[in-house]
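Number of protein chains: 2
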Amino acid sequence: MLRIYHIEARRSDRVVWLMEELGLDYELIFTPKDIAASLMAIKAVHPIGAAPTVRDGDLWLCESGAILEYVVNRHGGGRFGVKPDAPGYPQYLQWMHFAEGSAMGRIINEMMIAPMLAASGAPKPPIAGLFAGNSRRLLDFFEQSLAGQDYFAGEDFSAADIMMLMPVRAARRACQGEVRPNVEAWCARVEARPAYARMLARALPNGPPPTLAGWPKEDAQPV
Amino acid sequence: MLRIYHIEARRSDRVVWLMEELGLDYELIFTPKDIAASLMAIKAVHPIGAAPTVRDGDLWLCESGAILEYVVNRHGGGRFGVKPDAPGYPQYLQWMHFAEGSAMGRIINEMMIAPMLAASGAPKPPIAGLFAGNSRRLLDFFEQSLAGQDYFAGEDFSAADIMMLMPVRAARRACQGEVRPNVEAWCARVEARPAYARMLARALPNGPPPTLAGWPKEDAQPV
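Chains as they are written, first to last, in our numbering: chain V, 70 to 292; chain F, 70 to 292.
I should point out that these hints are in silico values taken from the structure, not numbers from a laboratory. Treat the numbers as computed from the prediction; the structure is a model and nothing was measured. Keep in mind that the hints are not guaranteed to be accurate.
Which copy is meant is left open, so a pair is good if it fits within one copy or across any two.
As the list claims (entries may be wrong) - Straight-line C-alpha distance at most 20 Å; calculated SDA-like pairs for lysine to any residue:
{"id": "1", "residue 1": "K102", "residue 2": "L234"}
{"id": "2", "residue 1": "K152", "residue 2": "A266"}
{"id": "3", "residue 1": "K112", "residue 2": "A201"}
{"id": "4", "residue 1": "K152", "residue 2": "E247"}
The shape of chain V in the complex, shown without the other chains (with noise of 0.2 Å):
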């Protein structure tokens, strides 16, 4: 059996939710939302420290990109993956490492970081200037992205939306007041899905991450 080392509101509901998409058994290592404690938590155990972690039987997997890949074409008979002759099989691929890749890395440059550097009173590094518009421009592309198809990769739901529910959250609280259409349906249709409700019970016992509140800095990866 699936174990996860899960911590509050990180990326490890990843895992979670598409075990329960999938109906299968896991084992969670709760970890309650603590910086601090999670990392020690899970640096016990695996040299890495991260949120989702997985062990299976001897096998040790971190990264949840990958984990998800191998839940789908080890455990679940390739249930919610693409496979590489099918029509939406390039942008699955996109967006299961766009959005670790490219989509959380630019958001928290534009939220965090730029504005640490602001704070600091200092002038301006050249490099924070880049860092403007991230969100919107990550936000528009998801937009038309999804026009004409209600999933990231097409027309069924797949893995590739539970990966990037995360950085769409992120962008949408980052242009918060700002309304895409396409973008908006997507959120309601995958957080409608019963198994999206079943992991927030079992993953997120505290409530659902905020919405449209601003950026919580204790969201960013913390190493």
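Starting from the known structure of chain V, arrange chain F on it as the hints suggest.
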């Protein structure tokens, strides 16, 4: 034919390297290393403006990890990929995602963002302390993961090695003077590949990126 939008010394090297490994033709849209100019060049054709971006007929795709998987499975007949039933599959997935998911962000936080915050002279925000030691921790994880195996996914060279060279070099630069024998041997092994030399000639005509100099600021993710 795949058209690769490439900026010198950025992540688009990876796509060129894989195409050279596979012996596939490609069209290279080359932009010399210059952040402002290169961003504008790619933003003119794609909303995110990242390197790599590729065009394949009517399809546009960004994100290096996704592009490598796409090329492996749609153009390369699966060569340099690892199939779900192969023993190295979990590791292959982990490193394909880890390179940009956890590794590069953590190194950039330690080597660029923390020094910017320190140079500002402002009181250090608590989160900055969490960045310290990131690169050393990563390098130790790489060293341990390469024990008893020649490549990141096991016995055979794969796209995961192409993904990992950039974060491995960055972590080595950050810990210069410290020796990790498995990591050193792996670097020598992958950099000795004829396709790597062909990539350097086409994608880095002004010389390879520095190996042991200080972390070059202009190598950062620009947005």
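Within, between, both or neither: K112, A201 at alpha-carbon 20 Å = Between copies only: 15 Å across, 34 Å inside.
At 20 Å max between alpha carbons, let me know whether K152 reaches A266 within a copy, between copies, both or neither.
-> neither (27 Å within a copy, 33 Å between copies)
Classify it for me, K152 with E247: is the Cα-Cα distance of at most 20 Å met within a copy, between copies, both or neither?
-> neither (35 Å within a copy, 43 Å between copies)
Could you figure out if K102 and L234 sit no more than 20 Å apart (CA to CA) within one copy, between two copies, both or neither?
-> within (19 Å within a copy, 33 Å between copies)
In this structure, the earlier hints numbered 2, 4 are contradicted, and the remaining ones agree with it.
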